[in-house]
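Participant: For reference, the chains in residue letters:
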Amino acid sequence: MTASQALVEVHNLQKYFPLGGGLFRKSRDTVHAVDDVSFSIDAGETLGLVGESGCGKSTVSRALSRLIRPTGGRVLVEGEDIADAAGGTLRALRRKVQIVFQDPYASLNPRMRVRDIVAEPLKNYGIGNAAERAERVERLLSRVGLRRDQLDKYPHEFSGGQRQRIGIARALALEPKLIILDEPVSALDVSVQAQVINLLVDLQEETGVAFLFVAHDLAVVEHISRRVAVMYLGRIVEIGSRQDVFETPSHPYTRALLSSILEPDPRRRGTPTILSGDIPSPIKPPSGCHFHTRCPVARSRCATEAPVLSEQGPGHLAACHFAGV
Amino acid sequence: MAMAVAGAAPPLLEVANLCTYFHNLDGTVRAVDDVSYSVRAGEMLGVVGESGCGKSITALSIMGLVPRPAGRIVSGEIRLMGRDLVPLGEAEMRRIRGNDISMIFQEPMTALNPVLTIGYQIAETLVLHREIDRRSARLRAIEMLELVQIPDAARRAGQYPHELSGGMRQRVMIAIALACDPKLLIADEPTTALDVTVQAQILGLLRDLRDRLGTAIVLITHDLGVVAQSCDRVVVMYAGRKIEEAPVDELFRRPLHPYTRGLLASMPRISHGSAAHRGRLAEIPGTVPHLLDPPAACRFAPRCPRAQDVCRSSEPALRHDGGHSVACFFPGDGVQEIRQ
Amino acid sequence: MTLAFVAPSSPLRRRLAPILRWTRRYPAFVVGSLVFSAVVLASIFAPLIATHDPVAIYPTERLRPPSDTWLFGSDPFGRDVYSRVIWGGRVSLAVGVGVAVLATVLGLLIGLIAGFSRAADAVLMRIMDGVMAIPGILLAIALVAVTRPSVGTVVVAIAIPEIPRVVRLVRSVVLSARELPYVDAARSTGTRFPMLLARHVLPNTIAPLVVQASFVCASAILSEAYLSFLGLGIPPTIPTWGSVISEGRNVVQMAFWVVLCPSVFLGATVLSINLIGDGLRDMLDPRLSRSI
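Chains as they are written, first to last, in my numbering: chain A, 1 to 325; chain B, 326 to 665; chain C, 666 to 957.
One or more of the hints may lead you astray.
[As the list claims (entries may be wrong)] Pulled from the structure, derived: some chain A residues nowhere near chain C, Cβ distances all over 12 Å:
1. Gln5
2. Asn12
3. Val31
4. Ser65
5. Gly79
6. Arg91
7. Asp103
8. Asn109
9. Gly128
10. Glu138
11. Ala173
12. His216
13. Ser281
14. Val308
[To be verified] Covered by chain A, per the in silico footprint, the following chain C stretches (three or more residues, Cβ under 8 Å):
15. 848-858
16. 864-876
The hints are simulated quantities; they were obtained by calculation from the structure and are not laboratory data. A virtual CB, placed ideally from N, CA and C, is assigned to each residue, including glycine.
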C-alpha cells in the first residue's frame with residue numbers, strides 16, 4: 001500500500017453467525033464464518049479470492065457489500081467505514097460497491113423486463129429523468145452485447161450467459177468503484193465462460209472499476225486477477241501477486257490446492273498432495289492454525305499458536321510458522 | 326493407451342446408433358441422436374460435453390432409467406457383453422442394475438437415503454442381488470468401505486449420510502455401486518459438486534479401482550481437466566450427437582472438430598510462468614442450440630467459424646482415421662479431408 | 666381430431682388450435698370454470714330464470730314432486746325448491762367470495778409482518794396456532810352466537826378460522842423470497858423497503874394466494890351451508906342452500922328432491938371451485954426447467 005489510500009481496505013473483518021437460538025434461548029453454537037480477515041484492493045485492480053467450501057469467501061463478499069452486517073472489523077471504501085454505516089451514509093456507500101451473483105437464473109426478477117431491471121438502480125438514486133435513464137440503460141445493455149429489440153423481453157427468454165451479462169450491466173449502472181463478482185461464471189457452460197470473462201476484462205479496461213473476483217476455479221482466477229488471496233476456514237492463509245501465489249506459493253494449503261488442479265493437458269498428470277481428513281466445521285475450528293489438522297508439515301507449535309500473515313517477499317504474505325518450507 | 330488393436334478384448338458395452346427422444350406438447354426433443362460408443366474392460370472412457378448435449382441421457386438410456394412417458398429409446402442397440410438391453414423389461418433391467426452395471430451421480434447427498442445408515446445401504450444392494458444373509462452382507466459392506474479408502478470403516482458403517490462430508494459420501498456411493506462387482510460403472514459428473522482437493526482424491530480412487538478390479542468406467546463430465554487427468558479415451562458430444570472420439574493424448578494434441586478446438590482454446594489455463602496463454606480467451610460465439618425438432622444440418626454450424634453452405638444443409642457423418650473419429654466436413658485445420 | 670370439421674388452412678383453425686391444445690392440457694380447469702360460470706350466471710339472472718317468488722308459500726302445493734311448474738318440486742311449506750335454490754345461490758356465492766377476499770387480505774398483511782419481523786413472527790404465529798387449534802365451524806358458530814346474525818357477521822365469522830392457513834402460506838413465501846439473489850441485488854442497488862416489498866417480494870405471493878383463495882371460497886360456501894343447516898348464521902327469512910337442505914331433513918324419505926337438488930348444486934359448485942383451484946395451481950406452477 002502506498003501513500004495514496006487504497007480503494008477498499010478491510011481491517012480485521014469478522015462475521016459470526018449464532019446457531020440454534022430462539023426468542024427465549026441463547027444460542028449455543030457460533031459459526032465462525034469469517035475470522036479476522038484483512039486485505040486491500042487498489043483502484044482498477046482485480047483481487048482474486050479463492051478457497052473451498054466453508055472458507056468464508058462468500059461471507060466476505062456479502063459483508064463487503066453490506067448485505068449482511070459484520071460482527072467486527074472495519075471496511076473502508078474510499079476512506080469511509082461501511083461496516084457500521086446506516087441510513088443515508090449506507091445508501092451513499094452502496095453506490096460504490098456493486099455485486100454480480102453466481103446464479104444467472106435467480107439473480108434477475110423474472111417478472112421485470114430487462115430494461116427495467118437495469119434501470120432500477122438509476123431510479124433508486126434519482127439519476128436523470130426518464131429519457132436520460134432509458135438512454136443510459138440502452139447504452140449499458142448494448143455494451144454487454146444485447147440488441148435493442150431484446151430490451152423489452154423477460155429474463156426467461158435469455159440464455160444463462162446473456163442473463164449474466166444483464167447482471168453485469170445492472171452492476172455497472174451506478175458506475176461503482178468496486179464490483180464484487182461472486183462466482184460469476186461457475187454456473188455457465190464452458191463455451192460461454194470465455195465470453196463473459198473477456199467482457200469483464202474489457203469493461204475493467206474501459207471503466208477502471210476494481211473487481212473482487214471470488215471463485216473456486218483457479219485457472220479462471222489466475223487469468224483475470226492481479227493479486228490473489230487464499231482463504232481457509234475463515235482466515236486468509238496467503239495473499240500476494242498472481243505470480244507469487246501461483247508460482248511460488250508459501251503456504252502448505254496453497255500448495256496442496258494448486259497441486260489438485262486438473263489441467264486440460266494429459267501430459268501434465270500430476271500427483272496431487274492428498275490432504276488427510278476433511279475440512280473441519282467452522283463451528284468448532286481447530287485451535288491455533290486452522291489448517292494444522294490436515295497439514296503435511298504441521299508441528300506441535302501449530303496446534304497452540306495461530307500464525308499471523310508474515311512477509312515472504314514484497315507484497316507477498318503467508319500465515320504459516322513454516323512458510324516456504 | 327491406443328485402442329483398436331487387432332485381437333484386443335471385445336468391447337464390454339456397445340452403444341450402437343442410440344436415439345432417445347422426448348415427446349412433449351411442443352414437439353420432439355432429440356436428446357440423443359444416433360450416438361455410438363463402446364467401452365472395454367479395464368478402460369476409462371470420458372464422455373464430455375456441455376448442457377443439453379445428451380451425455381447424461383445416454384447414460385440413463387443404458388441403465389433403462391429414461392424418464393417416461395415423455396422419453397423413449399426410439400431406436401438403436403445397447404449391447405452388454407453382446408446382449409441387447411433395449412428390449413428388456415423392467416424386471417430384467419432391475420437384475421442388471423447394481424449388479425452388472427452401476428451408476429453414481431453428481432449429488433451424493435440426494436442419492437443417499439438420509440434415514441438409513443451407510444452400512445445398511447451398501448448391504449442392501451448385496452442382499453438384493455447376491456442373496457446372502459445380512460451378517461455376511463454387513464461384513465462385505467465394511468470391506469467395500471475399506472476398498473474406497475474410508476478410514477475407520479467399521480465405525481463409519483453405522484453412521485448416517487449427514488454425518489459425512491461430501492467427499493466421503495461420494496466414496497460411499499462408489500462403494501454401493503461396486504458392492505456387487507459390476508463390470509461397468511457409469512459415473513455422471515461424480516466430482517462436480519466437490520471441492521478441488523477432494524476431486525483429485527475421488528478421481529484417483531476411480532483410477533485405482535479401474536486398475537485393481539478391471540472395472541470399465543464411463544466418466545461423464547463437462548470438465549476437460551477431469552478427462553485429461555483420468556481417462557483413456559474420450560468421446561465429445563454436442564447437441565445430442567457424438568462429434569469426436571479419440572484416445573486422450575490424441576484428442577488434446579490434435580483436436581479435429583472445431584467445437585473441440587474452440588473449447589480447448591477458450592479455457593483459461595494455469596500459466597506455469599509462461600506468457601503463452603495470457604491475453605484474451607478465444608470465444609465460441611452464440612449458445613448451445615435447443616434440441617426441439619432440430620434442422621437437418623450440422624448442429625454446430627451456427628457457431629462455427631468455418632461453416633460453409635454444405636454444413637448448413639446436411640449433417641456430417643462420422644469419419645474415421647485410425648482411432649480418431651470426427652463428424653465434420655472440414656475437420657482439423659479446415660482443409661476438407663476426403664476419406665472413405 | 667376435433668378440428669376435422671374446420672378447413673385446414675382457415676384462420677379460424679389457427680386461432681382455435683392453441684385454445685384446444687390448452688384445453689387438453691388443463692381439462693379440470695376448463696370443466697370447473699364452465700360449471701362455476703353457469704352457477705354464477707344463474708345467480709345473477711335469478712330474477713329472470715326463477716319461476717316463482719322464493720319466499721312465497723303455496724299451502725295447497727306442499728311436497729309436490731318435480732314437474733313442469735315445480736322444476737325441483739316443492740318443499741314442506743309449499744315453496745318452489747328450484748327458485749329457492751337459484752336465489753339461495755346468491756347468498757352462498759356472496760359469502761364464499763366475501764370470505765375469500767377478507768381472509769386473503771388479512772392473511773396477506775399478517776403473513777407479511779410475520780415474514781419480515783422475527784419478533785412479530787414469534788408472537789403472531791403462536792396466535793395463529795391458537796386459532797387453528799379450534800375447529801373452524803365451532804369457532805364460526807361461537808362468533809355468530811355473540812353477534813347479531815347477518816350476512817356480514819357470517820362472512821367475518823367464517824373468515825377468521827381461514828386466516829391462519831393463508832398467513833402460513835404468505836409467511837413461507839416471504840421467508841424464501843427474502844433469500845433470493847434478485848432480492849439481494851435489489852437491496853445492493855439501493856432499493857428501499859417499500860419498493861422491495863412491492864416489486865420483488867409480493868409478486869411471488871400472488872400465484873399461491875390466488876390458488877389458496879379459491880380453496881378458501883369453496884370451504885366458505887360449505888361452512889355457510891353448515892351454519893344455515895343448523896339454523897345459525899343467516900336469518901331464516903333468506904333462503905340459502907344450507908337452510909333449504911335443512912328444511913327437507915324431516916321429509917327426506919317422502920320427498921327426497923327437497924334435499925337432493927340443493928345438495929347437487931352445493932356439491933357441484935364446491936367441486937367446480939376446487940377444480941379451478943387445482944387447475945390454477947398447475948398452470949401457475951413455476952416451470953423451473955424442462956429437464957432434457
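Participant: Of all the hints numbered above, which does this structure not satisfy? Sort the numbers upward.
Facilitator: 4, 6, 7, 8, 11
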